[in-house]
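> Take a look at the letters that make up each chain.
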Amino acid sequence: MITKAQIVQWLTTTAKVLAENKEYLTQLDSAIGDADHGINMDRGFKKVMEKLPTVEDKDIGNVLKTIGMTLISSVGGASGPLYGTFFMRSGMVVTSKEELSGDDLLQLLQAGVDGVVQRGRAQLGDKTMFDALSPAMDALRSGLENQDDVVTALETAVAAAEQGMKDTIPLQAKKGRASYLGERSIGHQDPGATSSYLILKALLDSVKA
Amino acid sequence: MITKAQIVQWLTTTAKVLAENKEYLTQLDSAIGDADHGINMDRGFKKVMEKLPTVEDKDIGNVLKTIGMTLISSVGGASGPLYGTFFMRSGMVVTSKEELSGDDLLQLLQAGVDGVVQRGRAQLGDKTMFDALSPAMDALRSGLENQDDVVTALETAVAAAEQGMKDTIPLQAKKGRASYLGERSIGHQDPGATSSYLILKALLDSVKA
Amino acid sequence: MKKLINAVDDVVKEQLEGMLVAHPDMLKVNFEPKYVYRADAPVANKVAIVSGGGSGHEPMHGGFVGMGMLDGACPGEVFTSPTPDQMYECARAVDGGAGVLFLVKNYTGDVLNFETAVELAHADGIKAQSILIDDDVAVKDSLYTAGRRGVGTTVLCEKVVGAAAEAGYDLDQCADLARKVNMYGRSMGMAITSCTVPAAGKPTFDLPDDEMEIGIGIHGEPGQKRMPMATADEITTMMVNEILDDAAYSRTVREWDREEGTWVEKDLTDAPYVEGDEFIVFVNSMGGTPVSELYAVYRKVAEICEKRGAKIVRNLIGPYITSLEMQGMSITFLKADEEILKFWDAPVNTPGLRWGA
Amino acid sequence: MKKLINAVDDVVKEQLEGMLVAHPDMLKVNFEPKYVYRADAPVANKVAIVSGGGSGHEPMHGGFVGMGMLDGACPGEVFTSPTPDQMYECARAVDGGAGVLFLVKNYTGDVLNFETAVELAHADGIKAQSILIDDDVAVKDSLYTAGRRGVGTTVLCEKVVGAAAEAGYDLDQCADLARKVNMYGRSMGMAITSCTVPAAGKPTFDLPDDEMEIGIGIHGEPGQKRMPMATADEITTMMVNEILDDAAYSRTVREWDREEGTWVEKDLTDAPYVEGDEFIVFVNSMGGTPVSELYAVYRKVAEICEKRGAKIVRNLIGPYITSLEMQGMSITFLKADEEILKFWDAPVNTPGLRWGA
Ligand SMILES: Nc1ncnc2c1ncn2[C@@H]1O[C@H](COP(=O)(O)OP(=O)(O)O)[C@@H](O)[C@H]1O
Ligand SMILES: Nc1ncnc2c1ncn2[C@@H]1O[C@H](COP(=O)(O)OP(=O)(O)O)[C@@H](O)[C@H]1O
Ligand SMILES: [Mg+2]
Ligand SMILES: [Mg+2]
Ligand SMILES: [Mg+2]
Ligand SMILES: [Mg+2]
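Protein chains in written order, with my numbering: chain C, 22 to 230; chain W, 22 to 230; chain E, 131 to 487; chain P, 131 to 487.
Please note that a few of the clues may not be correct.
Claimed, not checked - Think about it this way: if two alpha-carbon atoms lie no more than 20 Å apart in a straight line, the pair counts; the simulated PhoX-like pairs of lysine-lysine are:
1) K37/W - K222/W
2) K355/P - K195/W
3) K143/P - K67/W
4) K79/C - K25/C
5) K195/W - K270/P
What the hints assert, rightly or not - Which stretches of chain P does chain E cover? Using the computed rule of at least three CB atoms under 8 Å from a CB of chain E, they are:
6) 139-145
7) 184-190
8) 422-429
9) 446-453
Unchecked claim - Facing chain P, according to a computed beta carbon distance under 7 Å, are these residues of chain W, among others:
10) S51
11) G54
12) D55
13) A56
14) I60
15) S94
16) G97
17) G98
18) A99
19) P102
20) R140
21) K195
22) K196
23) G197
24) S200
25) Y201
Simulated from the structure, these hints should not be mistaken for lab results.
Just so you know, these numbers come straight off a predicted model, no measurement behind them.
Even glycine gets a Cβ: it sits at the ideal position worked out from N, Cα and C.
With these hints in hand, go ahead and build the complete structure from the sequences.
This is the structure we're talking about:
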């Protein structure tokens with residue numbers, strides 16, 4: 022089982038990792054966007070860290086919903102509403118839970134990813150965060166279906182996210198700001214796919230710890 | 022005697038020399054001014070070259086006056102009215118002459134320099150064109166008083182102008198744009214003193230030729 | 131990075147503090163969350179016009195708050211869309227009972243955040259509507275991209291629709307006019323230098339001394355293509371022709387259905403311009419390009435229009451929708467009919483645009 | 131060098147061509163010699179206000195030609211004083227019989243060329259007068275320098291005196307008002323980058339990334355001193371204090387005696403400001419600094435004034451007296467009495483400054 026402490030740890034690790042990768046993500050965004058993705062994510066998760074102590078005694082669903090709302094009202098840009106929706110929707114499917122089974126985790130993440138797609142309408146191959154999230158969900162699902170333990174399943178999911186992130190490099194962007202570059206977007210890794218990979222990696226690390 | 026052809030040659034040589042030194046003078050002006058002295062002088066003497074054919078059949082006085090008016094209405098800046106006045110006043114003292122004695126030349130130049138002082142009110146050591154012109158006049162006068170021939174007297178005058186020009190380097194400017202720099206104007210050669218030296222040098226070369 | 135700023139994180143806040151003390155007659159500022167609103171808001175029974183977007187484009191949008199233009203503006207961080215809470219609370223502050231029209235530039239971030247704001251306002255009983263501005267002809271298709279960006283036409287639309295609201299247009303009339311202005315407007319931009327986002331600390335892109343970016347947006351992002359640097363005349367000719375020759379542009383936009391409380395999709399097609407059309411022409415500095423260079427550009431624009439039978443009836447020349455200190459410019463054509471001209475000429479009294487008042 | 135220009139030699143001409151086609155309602159342009167003048171010039175029985183100076187400071191001066199401000203403006207080459215023939219012919223074109231007042235910024239070049247113009251106009255039977263603007267407190271003394279430069283106060287003086295002329299002031303009244311405005315005004319400027327004169331092709335000076343020029347003029351020339359780069363608050367504090375604490379400033383100026391047809395010397399002393407004085411405060415961009423940064427500066431100016439008992443009653447914030455694309459700003463204080471405020475508030479309708487019309 023995944024404890025609430027581990028979920029809180031996930032958010033904390035995410036904040037740390039995004040702070041560490043602030044410049045890297047911004048640099049990726051400067052190649053095909055407007056040089057703010059790292060700044061946006063770091064600003065949002067700094068706010069999350071401020072907010073976290075005030076909701077730590079709530080259930081996991083409430084924690085995630087609050088984090089989602091915090092991101093919506095602090096990140097801005099494209100990634101703000103998308104990641105905000107991700108966490109809000111995630112929280113909605115685990116209302117009042119204090120710990121999560123592997124299947125709960127799968128549903129939680131799937132609801133989040135569905136929310137991203139509903140808001141942003143990205144399709145696979147559009148060179149967005151969805152290109153990291155989608156293969157990760159597939160890997161997680163088949164891992165759990167194969168009776169892998171959560172950590173093992175998450176490990177394959179994170180590997181898939183990393184591969185999906187790298188696979189954005191040769192793609193031409195069709196959504197978001199990078200799409201304006203047309204063919205010039207080819208050859209660069211998508212910043213949002215990169216932050217998605219980092220977030221899933223932080224989840225794995227927190228669950229392993 | 023100095024012929025009208027030599028005077029016309031002087032103006033032509035000056036135009037050529039100022040064009041060649043356009044960047045150099047501008048660079049001097051960028052250190053302690055506004056980076057336009059070479060551009061200004063070149064623009065003015067390009068106009069002089071356009072005008073010259075239309076007055077070549079006039080007497081020396083008329084030629085010089087026309088050149089002065091041309092400079093006034095084409096150079097602008099501080100140097101425009103000053104050099105314009107220089108040539109206008111020069112022309113006024115040799116009205117209707119077709120050739121000049123050494124003494125005529127002395128009076129011509131002295132009238133020009135007096136005009137510069139009257140307009141610009143510079144004193145010796147203010148770090149202006151006057152710091153090249155003034156020692157040149159002194160040298161020319163004593164040369165002629167010593168019965169030197171015109172070329173020899175002019176040679177000492179040009180040498181004095183060159184020295185005066187170099188001597189502006191350690192001076193702190195008290196007139197013109199460079200004066201705003203205060204002590205920071207020290208260590209740079211004055212652009213106007215430099216163009217004055219070049220103009221006198223062109224005179225020497227034309228008289229020698 | 132060299133800028134006249136204090137802490138990087140305070141850039142937007144301190145700018146708003148400055149606007150507040152500078153223009154108390156025109157506007158007020160709310161800081162948590164951030165929005166700028168008319169000094170006399172809410173104006174009873176007037177439709178409130180609200181815009182917003184990333185900061186760094188000043189005077190747009192905060193500088194256009196005041197009589198005859200915007201009722202509210204929501205500034206995001208530099209080049210980053212603002213958040214729905216700002217938009218929603220701004221809407222509450224300026225709604226005078228006749229509803230709120232959001233003018234939204236078509237960027238994924240702005241669109242997503244404003245959509246949430248419309249939903250929040252609606253849920254709160256505010257009559258809300260939003261119209262997208264997507265006028266950048268450098269973006270060729272809407273199928274394989276996020277669609278045309280909202281650029282220069284935004285300024286003209288805020289002016290025209292702001293005056294219409296002042297004159298008593300109701301919410302639907304304002305929305306219809308905004309949609310028309312957008313469909314009548316076409317823009318293109320270019321840059322000769324990059325700009326530096328304060329939080330990033332270094333230029334967004336490197337541009338060699340002999341190259342320029344053509345088809346650039348307003349976020350310091352790279353443009354449609356990079357080309358060898360050319361003369362003002364060459365650049366202007368290329369851009370004006372691209373605007374005047376632009377074919378019909380189709381896309382599907384989402385507009386809010388107030389009855390149903392849902393988003394409905396609308397197919398819109400901008401008709402190409404035809405000879406004899408009358409225009410408001412807007413030559414805009416990206417920030418670092420001096421107005422003197424804009425006039426050299428405008429001169430060529432006028433010459434081409436003369437030749438091609440496009441009639442310029444009004445113009446606007448200056449830095450109005452900028453990208454920080456970026457050097458470059460954009461050109462906007464807005465086909466002008468009687469309605470648009472009437473509201474263009476109407477008085478406006480804002481920090482950034484002022485006449486007749 | 132990267133600029134939106136064509137041939138380097140055509141920069142000023144093409145800019146004027148652009149202004150002419152852009153603003154035929156406000157102004158006309160003469161090309162040989164170059165001057166910009168009011169569309170309805172000469173205005174009968176109105177004193178004509180004429181200014182001029184090097185180009186590169188746009189919108190000043192050509193952008194201030196129009197109702198309520200200048201009747202004529204004479205642009206020189208970039209950063210180079212115009213020539214007397216321009217000024218004289220401009221004066222002839224705008225004189226409506228009530229005489230011409232030249233507003234001259236105190237630079238050796240401008241002073242010498244305008245002096246000749248006054249003499250020419252006088253010889254031609256035009257009532258002419260000239261007033262020097264010398265407001266730059268970065269220049270400390272007038273004995274060992276060419277005296278204080280004319281900077282930000284010039285814009286305010288052109289506005290105020292232009293309105294007075296519009297209101298029927300005669301030539302002496304206009305001159306007296308201009309002299310007063312100049313004596314009530316104090317400015318200081320700074321730069322964080324150089325600018326590039328088109329004809330020179332490279333930046334006038336090099337400024338390392340961690341340094342700034344304080345006490346800079348408007349010609350891209352180096353300033354009073356070079357200092358380590360500081361925050362907006364530190365820079366603003368330093369400059370505002372230098373302006374507010376500026377001691378009495380004395381100098382001898384030459385004014386034209388119309389009766390005698392000669393220049394007469396006048397000793398003028400600007401009184402220091404005292405607590406309780408009211409001001410028009412003008413925060414100006416050197417060109418490349420975006421208006422957003424000016425607001426951060428203005429915020430600090432207002433804070434300091436509040437503390438020091440200086441009352442800001444009006445303000446102007448934006449790029450009005452620039453140095454091409456230079457990044458930096460200047461701050462101008464103009465002590466405002468009832469007369470000055472009345473004419474400041476009066477309508478003005480020019481490309482660069484417009485309100486109430
Ligand atoms: N429609 C979309 N659906 C999913 N993800 C998107 C969409 N548009 C953009 N993104 C993601 O957002 C990232 C950019 O985020 P960010 O830089 O923070 O916002 P902005 O583009 O507004 O500056 C992109 O790298 C991409 O992964
Ligand atoms: N009052 C003056 N008297 C004599 N020469 C002067 C005076 N003021 C300036 N100069 C000369 O003019 C030169 C600058 O000329 P220029 O750069 O063409 O004009 P500006 O200073 O208006 O840009 C200086 O180097 C100096 O020699
Ligand atoms: Mg981005
Ligand atoms: Mg010079
Ligand atoms: Mg962004
Ligand atoms: Mg000069």
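> Now tell me if each hint is right for this structure.
Evaluation of the provided hints:
1. K37/W - K222/W: Roughly 12 Å between the alpha carbons, so the hint for K37/W and K222/W holds.
2. K355/P - K195/W: holds (17 Å)
3. K143/P - K67/W: holds (18 Å)
4. K79/C - K25/C: Answer holds: K79/C to K25/C is near 9 Å, not above 20 Å.
5. K195/W - K270/P: holds (12 Å)
6. 139-145: This one holds; 3 residues, not fewer than the three required, reach chain E with a Cβ under 8 Å.
7. 184-190: holds (count 4)
8. 422-429: holds (count 8)
9. 446-453: Since 3 is at least three, the answer is holds.
10. S51: Where the cut-off is 7 Å and the nearest Cβ of chain P is about 5 Å from S51/W, the hint holds.
11. G54: Constraint on G54/W satisfied, holds at 6 Å.
12. D55: holds (4 Å)
13. A56: holds (4 Å)
14. I60: holds (5 Å)
15. S94: holds (4 Å)
16. G97: holds (4 Å)
17. G98: At about 4 Å, which falls below the 7 Å cut-off, the nearest Cβ of chain P leaves the hint on G98/W intact, so it holds.
18. A99: At about 4 Å, which falls below the 7 Å cut-off, the nearest Cβ of chain P leaves the hint on A99/W intact, so it holds.
19. P102: Hint on P102/W: holds, closest Cβ of chain P at ~4 Å, below 7 Å.
20. R140: holds (6 Å)
21. K195: Interface hint status for K195/W: holds (5 Å vs cutoff 7 Å).
22. K196: holds (6 Å)
23. G197: Hint on G197/W: holds, closest Cβ of chain P at ~5 Å, below 7 Å.
24. S200: holds (4 Å)
25. Y201: Hint holds; Y201/W Cβ to chain P Cβ min 6 Å, cut 7 Å.
The earlier numbered hints are all upheld by this structure, with none contradicted.
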